[in-house]
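Participant: Listed below, chain by chain, are the residues.
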Amino acid sequence: MNPSEKKEFRLPPVFLILLLCIAAATGLILLLSNDPAEALYYFFPGIFSNRLYLGNFLNYSVLLSLTGLGIIIAFNAGSFNLGGEGQVYAGAICAIAAALKFPDLPSGAGIIMMTLCGTAAGALLAALSGIMKSRWQVNELISTFLLSAGITKVIDYLILGPLSNPDSYLITTGEIPLQYRLPPIIPPSHFNLSFLLVFILIPASYFYLHHSRGGYELRMIGYNREFARFGGLNLGMYDTAPLTVSGALHGLTGAIAVSGTYFAGILGFTFGLGWNGIAVAMIASRNPAYLLPAVLFFSWMTQGARVAVLQSDLSLELGNIIQGVLFLLISSQALRGLQKKRDPL
Amino acid sequence: MHKKLTILYIVSILTAAILITGCKPKAVAKENSEIQLAVFVPGVLAGSPTYEMMDKGVRKAAEEKAAEVKTVEGGFNQAEWKSQIMALASEKKYDIIVTSNPAMPEICREVKKIYTDQSFLILEGSKIENDTVSTFLFSHLELAYLHGYFAGLVTRSEMPGANSDLKIGLIAGQEYPEMNQKIRPGYLQGLQAAAAGAEVDFRVIGNWYDATKASDLAKSMFESGVDVILTIAGGANQGVISAAKEAGKYVLWYDADGYAIEPGTIIGSGIIREDIAAYEQTQLALRGELIEGSSVYVGVREGFIDFLTESDLYKSYVPEKVRLAQDKVIKQFKNGQLQLR
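Protein chains in written order, with our numbering: chain A, 1 to 345; chain B, 1 to 341.
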């Protein structure tokens, strides 16, 4: 596998998908909007027109990078983590529970506590699937998804019941203490210091996967399980650990979403981060090096759709339809790309 | 291969350039028009009559002054509402943002802290001390009382769906302060006035859309002797109706004319005149007379709340004896003999 050769063959199809996405969005807007010029303006360049939109776009990119990275790491080891939604949600609710339980710590300690609790919750949830996979060959595709679906109901119950804030008209938990909130860099958006994590974790993952022995073994299992077994690799470890790390990154995302963006757990507030993480991992063709551009593209599309729905005549449903079409395009094309890539090895 | 790549890049860059430059003028032109109002619907318009009434009222007032109205649907994800309101305010082009929902004041107050020049009018909102947003509140105590009174009359009556148990039901999408402090007590108070000793079976769905769960809850309530249910559960109301229809029992429709939705099953309907409230308040705002932080609290007497007794469906399904008794209590509210705030 010569890296430069790989690049040449892989970039064009991804680019085509992205172009197709833009074309599809443009086409749908032209078709469905009565004032397409305005809708297009808000959909594409609109998010750069205003500090709030720009900050929200960047902030969403940070969250999406972390879930996307989680998916990529599991992908590389041949594990599909479909439980991202539940893991993010679990991470978030544990961070909130910890913050509400110990509201009087100093700022730094509180944020670290929330982050650790969130990360641990996500990791634990995914580790269960990993252990089931290595012990009893339970398909992680199904176990992560089912666990996530189940835990989501439990968390909904917690928000509705024990953790609910009776003084609010929203279905929400209480707010975390003021000193536990990450200060915004581009107010009034919630873009905050957590973006540094992206610049640490993405390069770290890239070097681990592509320039370390462990990463090589991990990817080998992803490419060809039988070959890896024949080579004497510890399959059990590589079935569990990457999934756990994947879950940890999702939990971390949940914790950051709480301390940096939402400050309270409104019912279903992290929805979308898990599935969209899979979409960006697919655009990035499971390589951390391509993750950031993929995230920026996807985040641009989703935030653009949101702004267009708010400011132009695109209705909520049309906005969702456009996002759905993009998701479909991305998943179908990228899957084909992955398939092609797997065969020759 | 290389040629193809280059072409792709060029095409994509061109597309991007066209998109970014090509569609700007329109947005700039927009800012020149005079008064602009925004209506934020925390949910969707279709199928929620109260939001439709609000939209209608604002538009009517705006039309008279040739103001432009932009209606935005926020969807059911409550976590999004704040960032959506924030985005609307960030455009700095709306003279006032009108919305309706008890949860909106807390959200708008937060946004107001950042965009201090933005005015808000919130129907169904309660005031706080030194409020920064204008609120307009309807007396749910009175509306719930009317429903409770009517339900008491029905459960005592000889109507085909009524049984001998003095038990009525209330299904809510979620528990929220208004529900616990106004609607439930008002409903119970009205019931006691009509049928002393009767009890209310109160159930919560946990969201505003799960019609299946609502149907299950309603079924179990009917089995336990409830004969009429007041349902306040948004999209999930449909489940209550289907369960009631199946069991031959009755449903009360809370705050918009519901008789035509399921004739014979929905036998009582209240109304909150959000359209009038939105119309009058928007007029005030357009004249520049809506004071920031103002609050209004109205009920049956002012004409903003009523129990609908003129519908032919109501007259054909509800016995005269019940109707006369209900008319009497409505009248007491209208002339001020009874007032609950």
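Each hint should be verified, as a subset may be incorrect.
Within a straight-line C-alpha distance of at most 30 Å, the following computed BS3-like cross-link-like pairs (lysine-lysine) qualify [claimed, not checked]:
| # | chain 1 | residue 1 | chain 2 | residue 2 |
| --- | --- | --- | --- | --- |
| 1 | B | Lys70 | B | Lys93 |
| 2 | A | Lys153 | B | Lys70 |
| 3 | A | Lys153 | B | Lys213 |
| 4 | B | Lys219 | B | Lys127 |
| 5 | B | Lys93 | B | Lys65 |
| 6 | A | Lys101 | B | Lys65 |
| 7 | B | Lys315 | B | Lys334 |
| 8 | B | Lys213 | B | Lys127 |
| 9 | B | Lys113 | A | Lys101 |
| 10 | B | Lys219 | B | Lys315 |
| 11 | B | Lys334 | B | Lys321 |
| 12 | B | Lys92 | B | Lys65 |
| 13 | B | Lys82 | B | Lys93 |
| 14 | B | Lys321 | B | Lys56 |
| 15 | B | Lys92 | A | Lys153 |
Using C-beta positions, here's what the derived DEER-type ranges look like [as the list claims (entries may be wrong)]:
| # | chain 1 | residue 1 | chain 2 | residue 2 | range |
| --- | --- | --- | --- | --- | --- |
| 16 | B | Ala46 | A | Glu226 | 19 to 27 Å |
| 17 | B | Glu68 | A | Ile185 | 31 to 39 Å |
| 18 | B | Lys245 | A | Lys101 | 28 to 36 Å |
| 19 | A | Pro106 | B | Glu280 | 47 to 55 Å |
| 20 | B | Glu292 | A | Phe15 | 45 to 53 Å |
| 21 | A | Asn320 | B | Lys65 | 28 to 36 Å |
| 22 | B | Glu68 | A | Asn320 | 23 to 31 Å |
| 23 | A | Leu328 | B | Arg301 | 50 to 58 Å |
| 24 | B | Lys245 | A | Ile185 | 42 to 50 Å |
| 25 | B | Ser224 | A | Ile185 | 38 to 46 Å |
From the structure, some residues in chain B lie toward chain A, with a derived Cβ separation under 10 Å [unchecked claim]:
| # | residue |
| --- | --- |
| 26 | Gly47 |
| 27 | Pro49 |
| 28 | Ala89 |
| 29 | Ser90 |
| 30 | Met104 |
| 31 | Tyr115 |
| 32 | Ser126 |
| 33 | Asn130 |
| 34 | Gln174 |
| 35 | Gly197 |
| 36 | Val200 |
| 37 | Asp201 |
| 38 | Val204 |
| 39 | Ala211 |
| 40 | Thr212 |
Hints in this document: simulated from the structure, not taken from any laboratory.
From the three backbone atoms N, C-alpha and C, an ideal C-beta is built for every residue, glycine too.
Participant: If a hint holds in the structure, say so; if it doesn't, say that too.
Facilitator: Against the structure, the hints come out as follows:
Taking the CA atoms of Lys70(B) and Lys93(B), the gap is near 11 Å; set against the 30 Å cutoff, the hint holds. Taking the CA atoms of Lys153(A) and Lys70(B), the gap is near 36 Å; set against the 30 Å cutoff, the hint is violated. Distance restraint check for Lys153(A) and Lys213(B): the Cα-Cα separation of roughly 14 Å lies within the 30 Å cut-off, and the hinted pair is therefore satisfied. About 38 Å separates the Cα atoms of Lys219(B) and Lys127(B), which puts this hinted pair outside 30 Å; it is violated.
A distance of roughly 17 Å separates the Cα atoms of Lys93(B) and Lys65(B); the hinted pair therefore holds under the 30 Å criterion. The hinted pair formed by Lys101(A) and Lys65(B) fails the criterion: a straight-line CA distance of about 53 Å is larger than 30 Å. Note on Lys315(B) and Lys334(B): the hinted pairing holds, with a Cα-Cα distance of about 20 Å set against a maximum of 30 Å. Using a Cα cut-off of 30 Å, the hinted pair Lys213(B) and Lys127(B) is violated, with the two alpha carbons roughly 33 Å apart.
Only pairs whose Cα atoms come within 30 Å are accepted, and Lys113(B) paired with Lys101(A) is accepted, the gap being roughly 28 Å. A hinted pair counts as satisfied when its Cα atoms are at most 30 Å apart, and Lys219(B) with Lys315(B) qualifies at roughly 26 Å. A threshold of 30 Å between alpha carbons decides the hint, and for Lys334(B) with Lys321(B) the separation of about 20 Å falls inside it, so the pair holds. Distance hint between Lys92(B) and Lys65(B) is fulfilled; the C-alpha atoms sit about 20 Å from each other, no more than 30 Å.
Annotation: proposed proximity of Lys82(B) to Lys93(B) holds, straight-line Cα distance about 18 Å (limit 30 Å). Simply put, Lys321(B) and Lys56(B) have alpha-carbon atoms about 36 Å apart, too far for the 30 Å limit, and the pair is violated. For the hint linking Lys92(B) to Lys153(A), the alpha-carbon distance of about 39 Å lies beyond 30 Å, and the restraint is violated. Look at Ala46(B) against Glu226(A): about 54 Å separates their beta carbons, and that is not inside 19 to 27 Å.
Distance hint check for Glu68(B) and Ile185(A): the Cβ-Cβ separation is about 35 Å, which falls inside the suggested range of 31 to 39 Å. The hint said 28 to 36 Å for the Cβ distance between Lys245(B) and Lys101(A), and at roughly 47 Å that hint is violated. In this structure the hint that Pro106(A) and Glu280(B) lie 47 to 55 Å apart at CB holds, the actual value being about 51 Å. At about 52 Å, the CB distance of Glu292(B) to Phe15(A) agrees with the hint of 45 to 53 Å.
Between Asn320(A) and Lys65(B) the beta carbon distance is about 34 Å. The supplied range of 28 to 36 Å therefore holds. The supplied range of 23 to 31 Å is met by Glu68(B) and Asn320(A), whose beta-carbon atoms lie about 26 Å from each other. Checking the proposed 50 to 58 Å range against Leu328(A) and Arg301(B) shows it holds: the Cβ atoms sit about 55 Å from each other. Taking the beta carbon of each, Lys245(B) and Ile185(A) are about 56 Å apart, not inside 42 to 50 Å as hinted.
Look at Ser224(B) against Ile185(A): about 56 Å separates their beta carbons, and that is not inside 38 to 46 Å. The interface hint given for Gly47(B) is violated, since its Cβ lies 13 Å from the closest Cβ of chain A, which is over the 10 Å cut-off. Against a cut-off of 10 Å between C-beta atoms, the interface hint on Pro49(B) is violated, since the closest Cβ of chain A lies about 18 Å away. With a least beta-carbon distance of about 9 Å to chain A, the hint placing Ala89(B) at the interface is held under the 10 Å criterion.
Hint status for Ser90(B): holds, given a least beta-carbon distance of 4 Å to chain A, under 10 Å. This hint holds: Met104(B) has a C-beta 8 Å from the nearest C-beta of chain A, less than the 10 Å allowed. The beta carbon of Tyr115(B) is positioned within 10 Å of a beta carbon in chain A (closest approach about 8 Å), and the interface hint is therefore held. Hint status for Ser126(B) relative to chain A: holds, with the closest Cβ pair at about 9 Å, below 10 Å.
A cut of 10 Å between beta carbons decides the hint on Asn130(B): the least distance to chain A is about 17 Å, and the hint is violated. For Gln174(B), the suggested interface contact is upheld, since its CB lies about 6 Å from the closest CB of chain A, less than 10 Å. A cut of 10 Å between beta carbons decides the hint on Gly197(B): the least distance to chain A is about 30 Å, and the hint is violated. With its C-beta approaching chain A no nearer than about 20 Å, Val200(B) sits outside the 10 Å limit, and its interface hint is violated.
Look at Asp201(B): its Cβ only gets to about 20 Å from chain A, farther than 10 Å, so that hint breaks. The interface hint given for Val204(B) is met, as the beta carbon of that residue sits about 8 Å from the closest beta carbon of chain A, less than 10 Å. Annotation: Ala211(B) was flagged as interfacial toward chain A, and the flag is violated, the nearest CB pair being 17 Å apart, outside 10 Å. A distance limit of 10 Å between C-beta atoms decides the matter here; for Thr212(B) the minimum to chain A is near 14 Å, and the interface restraint is violated.
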